[in-house]
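Student: Going down the list, the sequences are from chains A and B.
Under this note's numbering, the first residue of the first sequence carries the number 1, and numbering increases by one thereafter.
Under this note's numbering, the first residue of the second sequence carries the number 1, and numbering increases by one thereafter.
Calculated directly from the structure, the hints in this document are not laboratory data.
Misleading hints may appear alongside valid ones.
[To be verified] Covered stretches of chain A, going by a simulated chain B footprint (3 or more residues, C-beta under 8 Å): (1) 21–32; (2) 50–59; (3) 81–88; (4) 102–116.
[What the hints assert, rightly or not] The calculated PhoX-like cross-link candidates involving lysine-lysine, where the alpha carbons are at most 20 Å apart (straight line), are: (5) A:Lys-56 <-> A:Lys-91; (6) B:Lys-262 <-> B:Lys-132; (7) A:Lys-11 <-> A:Lys-91; (8) A:Lys-22 <-> B:Lys-174; (9) B:Lys-174 <-> B:Lys-164; (10) A:Lys-22 <-> B:Lys-142.
[Claimed, not checked] Just a sample of chain B residues kept apart from chain A, beta carbon distances all over 12 Å, derived: (11) Glu-15; (12) Asp-61; (13) Pro-68; (14) Ser-76; (15) Asp-82; (16) Thr-111; (17) Phe-119; (18) Asp-123; (19) Asp-130; (20) Gly-131; (21) Glu-138; (22) Ile-177; (23) Ile-235; (24) Pro-236; (25) Arg-266.
Since this is a predicted model, take the numbers as computed values, not measurements.
Just so it is clear, CB atoms sit at the ideal spot from N, CA and C, and this is done for glycine as well.
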Amino acid sequence: MSESQEGQDGKRLLYCHCAYAKVVPAKVKTEVLRRLGESGRDFEAVPDLCEMSAAKDPQLEELAACENLTMVACFPRSVRWLFHAAGHTLKDSVQVLNMRASSAQELAAELGLPADSKSSVADKEAQGATE
Amino acid sequence: MIATRTKETAVLLMEPDESARLGDQERLDLLSALLEAGHPVARRAQIEPGTTPLAVLAKVDVGRESAPLIEISARSPGQVVDDVSALRKTRQLDKSAWTPWFPVIDYDRCTNCMQCLSFCLFDVYGADADGKIEVRNEDNCKTNCPACSRVCPDVAILFPKYTKGPINGDVVRKEDIEKESMKVDISALLGGDIYAALRERSEGARKRFSTERDESKALLERKRCLKALKKDLDIPDEVLMSLPSVGDIEERARRAKEKMIKRRARSQTVQDEKPAPSREEWGI
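The following block holds chain A by itself, in its conformation from the complex (with noise of 0.2 Å):
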């Protein structure tokens, strides 16, 4: 992946599925992943940053180095320290959102996400083809 990610806004956005535990809300998860999809935005999805920092899991270092990155996943304290764990340090500039302690409708406006849409073509010719 190259450094340079960024979506339109210039900002590069991750998402941290949790994947192997269930402290994250599955509603809020499934809400907020579901929303990024939807919005067009250029994203990306990593299974689990805990594991990954105990992996020193190359990506993290390339995301340390990132200026303007967001990313949701949990508690801003246990996101920082998991990649200093891993070797890095994260930039001030950088956002974590926490999906532990806000409501997807929370974070979707954080990030800037639009308003839920109604359905899209696919989802249009789908219900069509079934009926």
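Chain A is already provided as a structure; the job is to place chain B on it using the hints.
Tutor: Chain B in isolation, oriented as in the chain A frame:
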């Protein structure tokens, strides 16, 4: 210690235009399946120039010749996951294997008292070349056991996957430090003001077991402490059942002593080689 991962290329979900766009549920199901299987994925409208993804997932042929294209229109999320797994050959997320549960140190709060290193029986902690505490063997940490964070006097140990704050990374409030359930007073069980004793002996605390202590007594003390504090420390039963034997502890103590002797010998050699500072250098 967990094996360090090498750099891997990403899987890209391409939706360059309306004709290639998935339905919302279809996209969600696919992304969720890939993430649950351990595959990182990027959703993109365009491929970054100069990059070669591991695979491109798309509803239609997006004309990408240098990377394998997985046309997802007629494949279930499970089938797509199998295709990606076959290409990647690694990173199969196995939740029955090691769970990434391990202590994470907040070095803004850590005072390097080494109490965690002294307390942990599973060799999770170590000290680096400068004598600074570090998490060395993440995979030795017992899943769901947050005991070391409960005996840290400075609330400096996080377990990001723990349920309660501030151990889960939440902001540390003054009342958290005061709260009885947060700062477990092991001195009541072990006798004496253990916290003060450990702080005063910060040099000795670098070793797992001091030369003055009886290792088997230390193990018995810890076992008694852990059983009595099981509730307060939130230690899972399987951790109490898997405490190391006296022999294991004695072996670790022997290795720790050897390391300490070597470190001191190195330190003495450096001191012997350096001339003592003059009065002028001291500024006298």
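Student: Determine for every hint whether it applies to the structure shown.
Tutor: Now for the hints, and whether the structure bears them out:
Taking a C-beta to C-beta cut-off of 8 Å, the segment 21–32 of chain A contributes 3 residues in contact with chain B, enough for the three needed, and the coverage statement holds. Evaluation of the coverage hint for the segment 50–59 of chain A: fulfilled, as 10 residues show C-beta separations to chain B shorter than 8 Å, against a requirement of three. Here's how the segment 81–88 of chain A fares: 4 of its residues keep a CB closer than 8 Å to some CB of chain B, so the rule of at least three is met and the hint holds. Counting residues of the segment 102–116 of chain A whose CB falls under 8 Å from any CB of chain B gives 0; the rule of at least 3 is not met.
Note on Lys-56 of chain A and Lys-91 of chain A: the hinted pairing holds, with a Cα-Cα distance of about 18 Å set against a maximum of 20 Å. Distance restraint check for Lys-262 of chain B and Lys-132 of chain B: the Cα-Cα separation of roughly 17 Å lies within the 20 Å cut-off, and the hinted pair is therefore satisfied. About 14 Å separates the Cα atoms of Lys-11 of chain A and Lys-91 of chain A, which keeps this hinted pair within 20 Å; it holds. Between Lys-22 of chain A and Lys-174 of chain B, the direct Cα distance comes to roughly 28 Å. Violation of the 20 Å bound is thereby established for this hinted pair.
Restraint check: the Cα-Cα separation between Lys-174 of chain B and Lys-164 of chain B comes to about 16 Å, which is no more than 20 Å; the hinted pair holds. Among the hinted pairs, Lys-22 of chain A with Lys-142 of chain B is consistent with the structure: their alpha-carbon atoms are about 17 Å apart, no more than 20 Å. Not every CB of chain A lies more than 12 Å from the CB of Glu-15 of chain B, the least distance being 8 Å, so the non-interface label is violated. No Cβ of chain A comes within 12 Å of the Cβ of Asp-61 of chain B; the nearest lies about 17 Å off, and the non-interface call holds.
Against the 12 Å criterion, Pro-68 of chain B stays outside the reach of chain A, whose nearest CB is about 16 Å from its own CB. With a least CB separation of 15 Å from chain A, Ser-76 of chain B remains clear of the 12 Å interface cut-off, as annotated. For Asp-82 of chain B, the condition that its CB be more than 12 Å from all CB atoms of chain A holds, with the nearest at approximately 16 Å. Taking the minimum C-beta to C-beta distance to chain A, about 16 Å, the non-interface status of Thr-111 of chain B holds against the 12 Å cut.
At roughly 19 Å, the least C-beta separation between Phe-119 of chain B and chain A is larger than 12 Å, which holds for a residue marked as non-interface. Under the 12 Å C-beta cut-off, the non-interface status given to Asp-123 of chain B relative to chain A holds; the minimum distance is some 16 Å. Residue placement check: Asp-130 of chain B keeps its beta carbon more than 12 Å from all beta carbons of chain A (closest about 15 Å). Distance to chain A confirms Gly-131 of chain B as a non-interface residue, since its nearest Cβ pair spans about 18 Å, more than 12 Å.
Glu-138 of chain B, annotated as away from the interface, has a beta carbon of chain A within 12 Å; the closest lies near 5 Å. Non-interface call for Ile-177 of chain B relative to chain A: holds, since the shortest CB-CB distance, roughly 15 Å, exceeds 12 Å. Here Ile-235 of chain B stays apart from chain A, with its beta-carbon at least about 18 Å from theirs, past the 12 Å limit. A cut-off of 12 Å between C-beta atoms confirms that Pro-236 of chain B is not in contact with chain A; the least separation is 14 Å.
No Cβ of chain A approaches the Cβ of Arg-266 of chain B within 12 Å, the least distance being about 25 Å, so the stated non-interface status holds.
Taken one by one, the earlier hints fail for this structure at numbers 4, 8, 11, 21, listed in ascending order.
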